[in-house]
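Please model the entire structure based on the sequences and the hints provided.
Protein sequence lines correspond, in order, to chains A and B.
Going by our numbering, 124 is the number at position 124 of the first sequence; the sequence numbering is gapless.
Going by our numbering, 333 is the number at position 333 of the second sequence; the sequence numbering is gapless.
What the hints contain is simulated information worked out from the structure, not anything from laboratory work.
Some hints here could point you the wrong way.
As the list claims (entries may be wrong) - Keeping only pairs whose Cα atoms sit at most 20 Å apart, straight-line, the calculated EDC-like set for lysine to aspartate or glutamate is:
{"hint": "1", "chain 1": "B", "residue 1": "Lys71", "chain 2": "B", "residue 2": "Glu61"}
{"hint": "2", "chain 1": "A", "residue 1": "Lys229", "chain 2": "B", "residue 2": "Asp338"}
{"hint": "3", "chain 1": "A", "residue 1": "Lys229", "chain 2": "B", "residue 2": "Asp203"}
{"hint": "4", "chain 1": "B", "residue 1": "Lys249", "chain 2": "B", "residue 2": "Glu154"}
{"hint": "5", "chain 1": "A", "residue 1": "Lys229", "chain 2": "B", "residue 2": "Glu343"}
{"hint": "6", "chain 1": "B", "residue 1": "Lys273", "chain 2": "B", "residue 2": "Glu61"}
{"hint": "7", "chain 1": "B", "residue 1": "Lys200", "chain 2": "A", "residue 2": "Glu147"}
{"hint": "8", "chain 1": "B", "residue 1": "Lys198", "chain 2": "B", "residue 2": "Glu343"}
{"hint": "9", "chain 1": "B", "residue 1": "Lys332", "chain 2": "A", "residue 2": "Asp246"}
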Amino acid sequence: MFTSRLTLLWLLALPVCVFTAFFLMPLGVVLISSLSTQDGQFTFAQYGRILMDGYHWQVIGVTFRLAILSTLICVVLGYPLAWYLVRIVKWRNWRRTCVILLILPLFTSNIVRSFGWMVLLGRTGLVNDALLGAGLIDRPVRFLGTETGILIGLVYILLPFTVLTIGNALARVEPALEEASRDLGAGAARTFFSVTFPLTMHGVMAGGIIVFSMAISAYVTPALLSGGKVTVLAMLAFQQYSTVFDFNYGGALSITLLVFTMALIGFSSWLARLGAQDMKGN
Amino acid sequence: MMKRLLLASVAGLIGMPQAVLAQSASQSITVAYYGGNWGEAFDACVAQPFSKATGIKVVAEIGNSTTTLSKLQQQTGNAVIDVAYMDGGISEIAEAAGVLAPIDLAQLPHATALQPQAAYKNGGHVFAVSAGYYSLGLIYNTNEVSEAPSSWEELWNDAYAGAVAVPSPNNSAGVPFVIFLAGAFGDASESMDATFAKLKSLDSGLLYDTSGAASNAFQSNEVIIGAHFNVGAWDLIDAGLPIGFTVPKEGVWATDARMHIVKGTKNAEAAAKFIDTALTPEAATCLAEKLYLGPAITGVALSADIERKLPWGSGGSIEDLRLFDWSEVNAKRPAITDRWNREIAN
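Following this line, the structure appears as C-alpha cells:
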C-alpha cells in the first residue's frame, strides 16, 4: 500500500510541478496584479472600474453573444455532420477521408485560417463577388469588421470539436435501444428526441463546453476579422498588456473573463444535471 | 554526493558563458537591434563596416524595442548589451528607467553633421541619437484614386467610404496619429472632442493593429486609401502594386529608430565608435537605400529614386515631419486608447 502510494506520488510529481509552474504561477501573478495598485497596494479598484462601467458590460455582452452563438451553431451544424459520419457512411475509407478532411484545418495555424476568411469575406472577396455576380446584392456586403464575420470565422475553426465529441457519443449508442423504441410504436422523431439525443447529451455537452471556452477566450480570430471595429474582452486585455502597459487593469479584465466563463459553464452544467434528474424522475 | 555533483555541474554551466564573454570582451561588442530586413540592413550598413574598420566583432542581440528594453532592465548591474537600438517612445521609457548611459557627442567625430533634432537630451546630457526617420504618410491605390491626395481630409471623401485604413492604438502609430490629426485640423483643445467626433464619422474599412495587416489590406484591394508607413508603402510599390505614397500639405507624423549606449557597458569606447560609424554618410546612404530611412545627418547625397521614398517624400525635408515629444504621447496613451475603444472600435 505504502509503496504504491509513493509510486503514485512520484508519478504525479512531474505533472503537478508543470501545472504549478506553467499554469498556477502565471495565473497567480495575473490575479495579484489585478488586485494591486501601480505601487503594489491591495485594492479592488480595477474591478470596480470594470463592473461599474456600461462600456465593459457592452464588451462582455459582445464576447458572450459571440461565444454562445458559436456554440449553438457548432452543435446544430455538428450534430447532422456527426450523424452522417457515424450512421450514414458505410464505406470505411470514405469515413476516414471525411474525418481527415474535418481535422485537417486543425493542423494549420489560426492566423492563416483567419487570413483565408479575410480574403473570402473581403469587400472584393470571393463571397461578395459571387453575390454581386448572381445579382443578389448591388453593393458589397460588409462582413469584415462585423460580429457576423467573426462568428463565421469562429464556427469554422471550432466546428470539428463538436463533430468529434458528438460522433463519439453517437457511435456508443446501443442500436438495440433505438430498435426497442421503434418496436414499442414510437416514430423516428420521437425515438430521436426521447432515446438517441438524451443518450448523446454528454457528447453535446462536452463539445459545447470545448467550443464555448475556446470561443470566449479567442483572440486571433476576432482580432483579425474585426478589422479593429468590434472589441471582445480578450482583445481589451491584450491591449492593456501589450501597448498601454497597465498590467493591473489588464489583469482584472482577464480575471473577469475567467470568472464569468466559469460561472456560465457551471450554470449550464447545473441546468443539464437538473434536466437529467427530471428525466429520471419521470 | 550525487546532489553535489549536480550542483557543481549546474554552477559550471551558469558560470561558463560569463567566463567566455569576459575573455572575448576586448574583441567584441553586443548590439541589440530588430529582426527581419531591419536587422539585416543594420548589419550590412553599420555592423560590418564597423568590424572592418576596427577589428571588433559585433554580436547581434535580436529583438523588437520592447523586448530589448526588458532585457536591459533585467541586466542592470551586469550589462551584456553595449549598444541598443530602440524606437522613439520606448527610448524615453528606457531613459526614465535609468538603463542608459550619456552619449558624449564631442567624442564622436561624425556627430558634427547630426541634425539638431536627432540628438535627444534629458537635462544636460544626450541619451539617444537618431538612426534615421520613418513616417506615417498617406497611401492610396492609384487605380481608384487618380490624383495624389493633397490633404488628409481626403480620407473622409465619400468615394472611399468603407475602404479607408488607419492605425488603431494597438499599433505604435495609433495614438500619435490621433494627436497628429488634432494638430492638422487645428483642434488645440485638451479633450480633442472635435478630433474624435471627426474620427467617429470616418467610414473606415480597417483599423489596423500591425503594419503587416495594413499592407495586406492594400494588396488585396480591401482598402484603397489610408495612413501607412513609408517603409511598408514602398515595399508594396516596389513589388509592382498600383500604390502611391504622398506627404499631404499638413505634413506627416514621423518617428525614428534610435541608438543608445547601455549604462554599465564594459566597452564604452567601442560602443561610442559603433555609433560614430552609424553617423557616417556611407551608413546613412546604405540605410536609406535598404529601408528608406530618412538620414539624421546632413550631407547625404541620394539618387532621385531613393529621395522620393524617404519619409518626407520627394522635395521634402526633415522640416515636413511632425516629430512629437514621446513623453507627452505616452502620458496621453491610456486616455486616448480608452476613448478610441469606446467611440471608434465599437
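For each hint, the structure was consulted:
1. B/Lys71 <-> B/Glu61: Holds - the C-alpha atoms of B/Glu61 and B/Lys71 are around 10 Å apart, at most 20 Å.
2. A/Lys229 <-> B/Asp338: Status holds; Cα separation ~14 Å.
3. A/Lys229 <-> B/Asp203: Holds - the C-alpha atoms of B/Asp203 and A/Lys229 are around 11 Å apart, at most 20 Å.
4. B/Lys249 <-> B/Glu154: The hint holds at about 12 Å.
5. A/Lys229 <-> B/Glu343: At roughly 10 Å apart (the allowed maximum being 20 Å), B/Glu343 and A/Lys229 satisfy the hint.
6. B/Lys273 <-> B/Glu61: 18 Å, holds
7. B/Lys200 <-> A/Glu147: Measuring from Cα to Cα gives roughly 19 Å; hence the hint holds.
8. B/Lys198 <-> B/Glu343: Roughly 11 Å between the alpha carbons, so the hint for B/Lys198 and B/Glu343 holds.
9. B/Lys332 <-> A/Asp246: 13 Å, holds
Of the hints listed earlier, there is not a single one the structure fails to meet.
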